[in-house]
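Q: Below are the chains, spelled out letter by letter.
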Amino acid sequence: MSAAHDDHHHGPAKGLRRWLFTTNHKDIGTLYLWFSFAMFLLGGSFAMVIRAELFQPGLQLVDPNFFNQMTTMHGLVMVFGAVMPAFVGLANWMLPMMIGAPDMALPRMNNWSFWILPFAFAMLASTLLMESGAPNFGWTFYAPLSTTYAPDSVTFFIFAVHIMGASSIMGSINIIATILNLRAPGMTLMKMPLFVWTWLITAYLLIAVMPVLAGVVTMMLFDIHFGTSFFNAAGGGDPVLFQHVFWFFGHPEVYIMILPAFGVVSAIIPTFARKRLFGYDSMVYATASIAFLSFIVWAHHMFTVGMPIAGELFFMYATMLIAVPTGVKVFNWVATMFRGSMTFETPMLFAIAFVVLFTMGGFTGLMLAVTPADFQYHDTYFVVAHFHYVLVPGAVFSIMAACYYWLPKWTGYMYDERLGKLHFWLSFIGVNILFFPQHFLGLAGMPRRIPDYALQFADFNWISSIGGFLFGASQLILLVVVIKCIKGGKKATAQVWEGAQGLEWTVDSPAPYHTFTTPPDPKLIHDQ
Amino acid sequence: MANAKNDNANTKLVKKLFLITVGMFGFGFAMVPMYDVICDITGLNGKTSGRYTAELEQSAEQLEERQITVQFLAQNNEGMSWAFRANDPQVKVKPGEVKVVSYQAKNVKDYAMTGQAIPSVAPNEAAQYLKKIECFCFAEQDLAPGEEVEMALRFFVDKDIPKHITKLTLSYSLFDITKEQNAAESVAVR
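Chains as they are written, first to last, in our numbering: chain Z, 1 to 528; chain W, 1 to 190.
If you are wondering where the hints come from, they were derived from the structure by calculation, not from laboratory data. Just to be clear, a hint being listed does not mean it is correct.
Unchecked claim - Computed list of lysine to any residue pairs in SDA-like fashion (alpha-carbon distance at most 20 Å, straight line):
hint	chain 1	residue 1	chain 2	residue 2
1	W	K16	Z	P107
2	W	K132	W	P162
3	W	K15	Z	L180
4	W	K179	Z	L145
5	Z	K491	Z	E417
6	W	K92	W	I165
7	W	K16	Z	Y204
Here chain W stands alone, though its shape is the one from the complex (with noise of 0.2 Å):
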């Protein structure tokens, strides 16, 4: 019944829904990165951006008088059994000054564990202001049962942080990650 110019009209129309089909399931992979190039733009869901790598002219005369309180928080995702704390609280910065300050844990188990921290700045849209120069959230931190470090962190404060934001919020939550540890490659974190 169907002619031979329908057949072939068929085909060509069909590669071509085929094409959107294939194409479409490659735009829902295509999201992931997009959405990561968004969050890093406007610091949504309070992402902070990786390490900060520009060089840095600091001089005292330069720093402006406002201050900025940062606080620092420390959690344990659920599962994790570290004793995770930050050693100081809240600091506070001008704009452009580089401060140091440290988070302490330990493994309070019996085995060697692996933990991650994530971050997160409350409000998000101060998330793109923090710069970290040096984080321990950058690796990943092995720990012997019973051991305990010190972990630094080496930051500031982006001059051109809105003059509404008086104060921002640091989010660490700790996830135990010994379990895909060995079966997956260490991803690119922040």
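If we strip away everything but chain Z, and leave its shape as in the complex, we get (with noise of 0.2 Å):
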């Protein structure tokens, strides 16, 4: 029993025990990594039986009901199961070390967060194996494609979803509860990294929109089993509301993806130019600026929907407003690097990948808030490349320049850097040969979501699915590159990188399992 109890204070349990019933912070956000990491070779799996089929016109591998499975499950694992729990096991990883925290403030609540996980995950993938079928209406679920006209899965996603918002709204609640009250004394506000600032703005819009989500799912529930009309016409209900309320939820939910990302670029960014972050305050702002806003721009999303035309103004001038805080940014990001004295590792070559393509989707993204022009965009490949281009050269990228910017740090050796460098030239021309002709072939008018196309979208879609093939081959690489930095390797220092500041910077690389159990220096913290 003493043994145990020693165990438990000096390091892991051993064996499947350690992962199951661990309350630390380390090992939460391993498992969220490698959860995400499996949820992204899942959705990319998807993604490839879409890419297959597109790759001629015809219908040569799928049938189209399965091909609408594979846009819905793809995106729902992508943004789900990928991307929101790779930036919470970033947060869990690293908040609590840079802030000089001993652990998440409540441990055991993290722990049930991760576990819940797989279980909705599980649920969401058995509907492929069910006669109905997955669910086919799309990742945005709008009814009544949805509600009336719905595979008898849906029951299984919306409970799937109930379940991934509980374990959103947990680990959100522990990140607040984490950052307002462990921080180390000495470790104002502003004073935070930015990492944590983005994730402290971030968990407030994910407790503020996942129980919205949680709320429509419900009311599909209920007209789906117990005959109410929340979106039936014919009860008096409109399919319109669901959108409106889905929209509410889904364009904070756009920022839940991006801000985290935000803060892992602007800590890579100063590193590698050995420079300090310039506009740091103004960061913070931004930030804010953008999460405000991202609550007043949800009918973006349905212009054609038939809105009045103050509404369409409205709705387009405020979308066009995000640009300013966004474009400081950039702008910010860009004024670090000037005159930095820069050296080009992994993370930051994704990190200036970055800049430059999540710039160009957020360029697209204002063509689109123009409402005129929207009518025409509307559902088209213009929208898949546009929103690619944020999420995937976005938010995806910066994972994984966290993940190269972080390992050293948490598996004690450096990565091959040569593999590291291979893996971001494959992904970064892959990514663009997949979706830059996307455009094109949205401005040609080719619809998103179908399975088989006009002629002359053939060229454009055989180019873009030679990108994605190569961009998901080339993931596997990062795996390769994971798995041996974790075998071995040149041993890492505490401090890593030449220009890295910051707390997390302090500790022994691998960083000991439990890290400061009493506060750091406050000489130590230093001013953005």
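Starting from two chains that each stand alone, build the complex the way the hints lay out.
A: The following block contains the structure:
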């Protein structure tokens, strides 16, 4: 007994029990990151089915209903299974170390919020094996497609979303409590690293909108099984109401997926430019402004439902306003690099690619915000190209950058720089071949979510699919790099990177199982 | 490691955050009536308001000269099989003048069915000026096999209707609610 007791204090338990019962923020962060990577591969394999079917015009590989299941599951798995848990994993690993806290504020809830996730996704993925097939109504699950015309498996989808929501909300409460209550003495709010700031704001967004998502799927549940008519026109409901409630959740959701990415990039660029982050205060205010604006722009996703002209103008201008704080951020990153002593290790390459490609995605977003133009672009591949540019070379690249940046701190070894660079360049080239032609397809009028298309779209689809396979395959390099890095390599120092600043770089590499059990020396906490 | 002071602060904060969560869950549902109210005020989505119950003063000399064309459409929603049409495809009315038109519906199936008509006005802006005193859409229609009914609609166009609207279209979609009818209580429809 006493031996087991000692284990608890000095190191992890052995075997499976370590992972099942762990309350250690580093273990839970690791679990989140591996889970997210598994989901990334699963959602990626769905995308490969989509791109393989679209490789040529005509129906070759799958029937249209299964194709729709693939687009739906790809979106759901990537958004809720890959991107969001990856950021929560990074938060778990890094936040306590960045603010000098011994662990997360609510460690047992932390365990719970991770361990319900695999069940949610097992439930969601199991629908693929059901007689009715998986959900096929798109990741936005518009009513009445997702109610009156939904496959029977929709109920599993609804409960899966409930569980994911509960997980995210618990995770967010934990993050807010950690940041607000467990900062080391001397770590004032305006001295926190930007990753901490962006996560604090993201966590507030999550607890504000995940319950609305839970509400909207609950309404669907009632419409489907209990005869209510929230979205059923025959009973006095309105399908357009669904879109309003969904996008009231959905728009802040897209910032939930990008704000922590801003934090990651704001950590990496100063390190490799060997300069302090330019305009720290403005970064904080810009993040907060983006979060606020995200609540008043939702209807730009639904310009074509028939809104009064005043409404369309309001949502158009509000949306364009977001470009201002986002522009502030991009300028700050560029100004940080300006006249810096830059080196181009893998995390920096991903971070620079993020700045360039995310900005391109932002510009296409501005084009989509223009109401009259949106009537042309709505539901075309232009939209697909836009949100993939902000999510893949945006959010996903920042997650990869973060993994390369902090891997030495996690494992104690340097990763293979040559393989890392190979991974970067293949991803960078692949992602552009994959998504850039989709802009042209959309402008030429190819609708999204179709398994077959008119012949004039054949060439760009062919190119896009080639890029897709290249991008998909090159992600396996990341897996190899991570496994190699866990097994060994050049020993990493505590500082790891020459220009790295912050508390997480003052502890050993690999980070001991328990860090900052006594608060760090306040002298280590610098102005930003 | 976490001391008592921290535990206390955590409990307080978690309670607050949990309250926000519950509140936002409620807010999601509150959006439903809010949406209805906004649609009512603005005529968003061409939703017409419910039965017009206020007193109508109607004297011929007060009627304006301008004429507004009101067109009537009838369509079956997917899966509905009734023969459903407007008897008067279009009428001209003066603002404030009460008109009666009728629709025809026939159950062509060999079993009893229930239908529910849902109105929509285009342009949306005009929706709030179309007042219905009596409408078959306020009730469900139960038709025996082969039964045919003539259904009345008594309405007027409000005098406040903007000058630039000279034509409006009232469209009814007929939904088959035979299945739902038993499952759910009838919801207040317009």
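Q: Does the alpha-carbon distance linking K92(W) and I165(W) stay inside the 20 Å limit?
A: holds, 13 Å
Q: Would you check the hint for K132(W) and P162(W), treating anything up to 20 Å between C-alpha atoms as holding?
A: holds, 18 Å
Q: Is the straight-line distance between the alpha-carbon of K491(Z) and that of E417(Z) 20 Å or less?
A: holds, 13 Å
Q: Could you grab the alpha-carbon distance between K16(W) and Y204(Z) and see if it respects the 20 Å cut-off?
A: holds, 12 Å
Q: Can you confirm whether the C-alpha distance between K15(W) and L180(Z) stays at or below 20 Å?
A: Judged against 20 Å, a Cα distance of about 14 Å means the pair holds.
Q: Checking one constraint from the list: CA of K16(W) to CA of P107(Z), max 20 Å. Satisfied?
A: Judged against 20 Å, a Cα distance of about 18 Å means the pair holds.
Q: Sort out whether L145(Z) lies within 20 Å of K179(W), counting only the CA atoms.
A: holds, 18 Å
The structure agrees with every numbered hint stated previously.
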